[in-house]
Amino acid sequence: MKDKLLETLEFLKSKGADYADIRFTRNESENIQVKNEMVDSIARDINQGFGIRVIADGAWGFAASSSLKASSFRKTANRALQVAKASAITKKQDVRLAETEIYEDHYVTPFEIDPFKVRLDKKINLLLKINKILCKDKRIHMGEGSMAFFKINKIFASTEGSYIEQDLLESGAGFVATALEGGETQKRSYPTSFGGDFGSGGYEIVESMNLLDNAERIREESIALLTAPALPAGEADVIIGSSQMALQVHESCGHPTELDRVLGTEISLAGGSFMTLDQVGKLKYGSDIVNIYADATVPGALGTFGYDDEGTKAQRSAIIRDGLFVGYLTSRETAPVVNERSNGTMRADGWHSIPLIRMTNHNLEPGDAELDDLMADTNGGYLFETNKSWSIDDKRLNFQFGLEIAWKIENGRKGQIYKNPRYTGMTPKFWNSCDAICNKNHWHVWGIPNCGKGEPMQVAHVAHGAAPARFRNIEVGGE
Amino acid sequence: MIGQDKIFATIEKVMASSKGDQTEAVFTGSNSGLTRYANSFVHQNVAVENSKVSFKVVVDQKIGTASCNSFTVTDLRKALRAAFDIAKRQKPNPDFDGLAKPSKYAETETFDQKTAKFTPKQRATKLKRVFSKVAKYDYEMAGAFATEEGEIAVLNSNGVRCYQPYTSASINTIATGENSSGYASGMSKKVDDIDVSGLATVAVKKCRKSRNPKDIKPGTYEVILEPAAIGELFEWMNFIAFGSKAFEEKSSFLADRIGERVMGENISIYDDALDPSSPGIPFDFEGVPKKRVDLVKNGIATGVVHNIISAKRAGIQSTGHGLPPEYSAEGALPANIAMVPGDKTLDELIGEVENGLLVTRFHYINGFLDPRVAMMTGMTRDGLFRIKGGKLRGGVKNLRFTDSMMDVFSNVLGMTSDRSAIPAWGATSSFYLPAMRVGKFKFTGKTDF
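Chain order of the listed sequences is A and B.
Residue 225 in my numbering sits at position 225 of the first sequence, and the numbers go up by one each step.
Residue 160 in my numbering sits at position 160 of the second sequence, and the numbers go up by one each step.
In short, the hints are calculated from the structure, not lab data.
Cβ atoms here follow ideal geometry from the backbone N, Cα and C, with glycine treated the same way.
Please note that a few of the clues may not be correct.
[What the hints assert, rightly or not] Distance condition first, Cα-Cα at most 20 Å in a straight line; then the derived EDC-like pairs of lysine to aspartate or glutamate:
| # | chain 1 | residue 1 | chain 2 | residue 2 |
| --- | --- | --- | --- | --- |
| 1 | B | K121 | A | E104 |
| 2 | B | K209 | B | E354 |
| 3 | B | K217 | A | E104 |
| 4 | A | K138 | B | E354 |
| 5 | A | K122 | A | E235 |
| 6 | B | K217 | A | E455 |
| 7 | B | K62 | A | E37 |
| 8 | A | K122 | B | E352 |
| 9 | A | K69 | B | D75 |
| 10 | A | K151 | B | D138 |
| 11 | B | K442 | A | E475 |
| 12 | A | K419 | A | E181 |
| 13 | B | K62 | A | D57 |
| 14 | B | K121 | A | D57 |
| 15 | B | K91 | A | D121 |
| 16 | B | K78 | A | E99 |
| 17 | B | K121 | B | D193 |
| 18 | B | K391 | B | E330 |
| 19 | B | K391 | B | D192 |
| 20 | A | K92 | B | D193 |
| 21 | B | K126 | A | E181 |
| 22 | A | K4 | A | D121 |
| 23 | B | K88 | A | E479 |
[Claimed, not checked] Looking from chain A toward chain B, a few residues come up when the C-beta cut is under 8 Å (computed):
| # | residue |
| --- | --- |
| 24 | D45 |
| 25 | I354 |
| 26 | N473 |
[As the list claims (entries may be wrong)] Away from chain B, derived, C-beta distances all over 10 Å, residues of chain A:
| # | residue |
| --- | --- |
| 27 | F11 |
| 28 | V83 |
| 29 | K91 |
| 30 | G327 |
| 31 | N379 |
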């Protein structure tokens with residue numbers, strides 16, 4: 001493969017390309033789903049091919065092919081050049097890339113147990129055992145569980161001389177109980193909703209989730225929600241659980257700090273950003289205790305890798321420091337706009353996709369609160385857990401999130417349960433109302449395997465470290 | 001494009017070695033190009049050639065699936081073996097009683113040679129004209145212009161052999177100004193049907209007419225929803241209501257309500273891949289002929305779409321809406337939804353509104369709030385207008401809605417006779433929708449622009 005990749009780059013140079021990179025990717029995946037004590041589906045997929053990115057006549061071109069025949073490399077290279085020349089018809093200025101280090105390296109995700117070598121029976125049986133507990137009560141209309149594993153081999157080579165191979169491994173699992181009675185339907189999920197939790201590593205991630213130990217509690221909570229009242233509308237102090245905090249960070253801080261978005265190139269689908277260039281170093285994004293970093297080096301996190309898909313080394317960058325907005329997620333093309341070098345966030349979701357600026361591990365740093373103390377200090381407020389719905393405007397200001405469950409905090413403990421809780425707000429006002437974040441004992445990096453962006457749509461695997469946090473006077477409802 | 005003969009011959013050769021009781025193969029291949037632009041220049045431009053074969057192998061009612069995107073016999077045989085190995089370790093599915101049997105499929109014209117051969121240069125040249133045209137105003141254009149040729153084939157050990165080539169062209173285009181934006185979109189099987197310049201003009205007009213938007217209080221308003229806005233609602237209703245999974249899980253608002261009134265009697269919603277306006281193909285990914293399915297007829301819940309297994313559970317025949325094997329856990333989903341139109345023009349609908357709003361499109365809708373009543377939330381974007389005294393009176397700042405679609409579609413006061421094709425989630429999917437006047441629509445929040 002190395003010869004084919006390097007020959008293709010030489011060919012592109014000979015054809016006058018100003019810059020080119022080629023990325024071979026082989027993705028292997030396994031997805032197991034069980035439902036109502038039955039195996040619903042088991043699917044395995046192998047997806048491989050290569051993509052060529054080229055700058056010619058001062059503009060970008062990209063072409064990709066799943067055919068690995070020798071002739072396909074040159075044909076696809078020519079196609080990438082034609083596409084670049086077509087782009088150049090409309091260019092306003094030549095594309096310029098920030099300087100970068102040249103690397104020859106091989107990065108491998110650390111792991112203990114290769115999930116693709118774990119017997120299928122073992123994985124199925126664990127999910128079925130959980131399912132049996134969920135379905136023990138006839139009010140559980142649907143018990144579902146899933147596991148998914150991804151093995152990714154990537155080779156990146158550029159005309160600048162980088163040659164980087166990466167072997168990434170990702171694992172995740174989760175389950176959900178859906179209770180139904182009298183036309184009312186309610187769900188509870190564990191460890192979180194929409195497929196569960198994910199990390200970079202092997203089957204040890206699934207084993208560390210305590211899935212079985214939580215099945216009974218989740219079943220009972222979903223049943224309790226059937227008869228729970230809807231959360232009353234009004235303003236309240238709210239402690240938001242860490243998995244929902246992860247999504248809050250994702251939507252209201254992750255996406256709006258993608259510099260390509262800020263510069264307008266995502267307007268056609270996802271929109272722009274309120275965190276414009278003039279706001280850097282000025283916008284008081286949150287209260288003084290809010291610190292958010294993009295960190296692709298966190299061990300075991302889903303957004304962790306060795307190098308991004310431009311060959312920039314994984315790194316940690318400040319986004320929000322002591323509440324102040326200080327930096328963006330950048331690429332080699334966009335970083336010069338803010339007089340910086342890329343902080344390594346360009347990733348594609350496969351060989352067939354062009355890299356875009358994507359979140360890595362966009363983490364809300366832990367604070368110093370103990371959850372028990374915070375609960376005791378929030379009498380009359382609510383505790384919200386587990387995301388159910390999400391929506392935010394196209395500049396990432398007005399948001400509304402729905403949760404699976406809320407508890408009234410009574411005497412420092414979980415009291416009355418409420419169904420269909422929702423909260424809404426405007427991003428800076430919301431984050432400035434944050435007056436407590438729990439400490440590292442309550443901090444967890446949540447893997448989100450379904451972050452959509454771009455056209456054609458790409459689905460990235462990203463993560464967010466977060467701990468439960470308290471927000472004052474939040475608009476809530478649930479009717 | 002590989003072509004029917006080579007696809008059939010290669011897959012038949014591979015399937016001959018299957019050790020399963022029954023075997024199915026789904027081939028999807030495409031050659032696609034997408035030109036993405038913003039700030040009135042092309043900033044991303046991609047060309048991708050890919051194909052994929054998904055195998056389903058059945059052993060004693062146990063089903064295994066595996067797929068790969070290589071088309072060599074060696075790799076395909078590996079995928080087939082993987083599907084067999086999974087099937088052996090599966091549990092029997094009592095609802096499975098066989099793969100599809102050979103059928104007659106409708107003949108539909110889904111391929112256009114010119115679209116298949118449309119080049120990146122041709123896309124860029126059309127866009128360049130638009131950029132030059134709007135350069136004299138203080139607007140910038142953003143969007144994506146895509147063309148694709150592809151082919152889909154389904155083969156199984158019962159003798160099913162289906163093949164359909166297709167082409168698709170689509171564009172979304174946004175004009176942005178200092179404090180406003182406007183949107184338009186188009187899709188067709190033929191690139192010549194896409195009026196790139198005309199759609200840009202619509203977007204620019206919306207941007208100009210909505211400049212300096214005024215603040216407006218959230219509340220319940222009479223609204224005109226344009227087809228793109230309704231398409232956004234249907235993307236979610238498709239998933240939470242009209243598919244077999246949501247129906248079986250009883251999370252769909254149609255579940256346990258078949259035969260009951262769920263919307264106004266002027267509302268009829270159906271899925272029809274065979275309608276000439278649709279880019280749909282005549283069979284599904286299980287090799288079953290596509291049928292027209294009435295989802296809501298004259299406001300009455302009439303049914304959902306099914307694949308082979310969900311149909312067996314429902315005691316009916318598959319409606320031809322099965323997904324590829326690797327997505328089988330999602331059940332069956334509609335792909336070509338349409339609404340029966342009304343008899344008005346858009347201007348007539350606007351003229352009937354004394355005090356209300358016109359919504360061009362929605363953004364980031366979520367339908368998981370309370371699917372039993374199709375409760376959704378989302379934002380407006382790219383052209384929210386005030387209507388007073390039957391006339392558009394300029395732009396207003398964007399609002400958040402939170403409302404039940406059962407209520408919204410029970411309050412429709414009129415629809416246009418014209419319908420527009422709205423791009424959905426794939427080259428052979430679409431919505432075909434009128435604009436609609438709704439008596440009451442709940443806006444629950446607002447933003448700053």
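Outcome of the hint check:
Only pairs whose Cα atoms come within 20 Å are accepted, and K121/B paired with E104/A is rejected, the gap being roughly 36 Å. At roughly 19 Å between alpha-carbon atoms, K209/B and E354/B fall within 20 Å of each other, so this suggested pair holds. For the hint linking K217/B to E104/A, the alpha-carbon distance of about 58 Å lies beyond 20 Å, and the restraint is violated. Restraint check for K138/A and E354/B: the C-alpha separation of about 52 Å exceeds 20 Å, so the hint is violated.
Pair hint K122/A plus E235/A does not hold up; C-alpha atoms about 48 Å apart against a cutoff of 20 Å. About 34 Å separates the Cα atoms of K217/B and E455/A, which puts this hinted pair outside 20 Å; it is violated. For the suggested pair K62/B and E37/A, the alpha carbons sit about 15 Å apart, so the restraint of at most 20 Å is met. Distance restraint check for K122/A and E352/B: the Cα-Cα separation of roughly 64 Å exceeds the 20 Å cut-off, and the hinted pair is therefore not satisfied.
Between K69/A and D75/B the alpha-carbon distance is near 13 Å, which keeps this suggested pair within the 20 Å criterion. Restraint check: the Cα-Cα separation between K151/A and D138/B comes to about 48 Å, which exceeds 20 Å; the hinted pair is violated. Restraint check: the Cα-Cα separation between K442/B and E475/A comes to about 17 Å, which is no more than 20 Å; the hinted pair holds. Of the pairs offered as hints, the one joining K419/A and E181/A holds, with about 14 Å between alpha carbons and a cut-off of 20 Å not exceeded.
Restraint check for K62/B and D57/A: not satisfied, since their Cα atoms lie roughly 56 Å apart, outside the 20 Å limit. A C-alpha spacing of about 14 Å is found between K121/B and D57/A, which places the hinted pair at or below 20 Å, so the restraint holds. Taken as a hint, the K91/B and D121/A pair is honoured in the structure, with Cα atoms around 10 Å apart against an allowance of 20 Å. Restraint check: the Cα-Cα separation between K78/B and E99/A comes to about 43 Å, which exceeds 20 Å; the hinted pair is violated.
Between the alpha carbons of K121/B and D193/B the distance comes to roughly 18 Å, so the proposed pair stays at or under 20 Å and holds. Taking the CA atoms of K391/B and E330/B, the gap is near 44 Å; set against the 20 Å cutoff, the hint is violated. A distance of roughly 33 Å separates the Cα atoms of K391/B and D192/B; the hinted pair therefore is violated under the 20 Å criterion. Taking the CA atoms of K92/A and D193/B, the gap is about 29 Å. The hint is violated against a cut of 20 Å.
Using a Cα cut-off of 20 Å, the hinted pair K126/B and E181/A is violated, with the two alpha carbons roughly 57 Å apart. As the CA atoms of K4/A and D121/A are separated by approximately 40 Å, the hinted pair breaks the 20 Å bound. Between K88/B and E479/A the alpha-carbon distance is near 48 Å, which puts this suggested pair outside the 20 Å criterion. Because the closest C-beta pair between D45/A and chain B is about 5 Å apart, less than 8 Å, the hint holds.
Satisfaction of the interface hint for I354/A is found here, the shortest Cβ-Cβ separation to chain B being roughly 6 Å, below the 8 Å cut-off. At about 16 Å, the closest approach between the beta carbon of N473/A and any beta carbon in chain B exceeds 8 Å, and the interface hint on this residue is violated. Every beta carbon of chain B lies more than 10 Å from that of F11/A, the smallest distance being close to 17 Å; the non-interface claim holds. Once the 10 Å rule is applied to beta carbons, V83/A is inconsistent with being away from chain B; the minimum gap is 5 Å.
The non-interface label for K91/A is inconsistent with chain B: the shortest C-beta to C-beta separation is roughly 6 Å, within 10 Å. With a least beta-carbon separation of about 22 Å from chain B, G327/A lies farther than 10 Å from that chain, consistent with its non-interface assignment. With a minimum CB-CB distance of about 28 Å to chain B, N379/A clears the 10 Å threshold, and the non-interface call stands.
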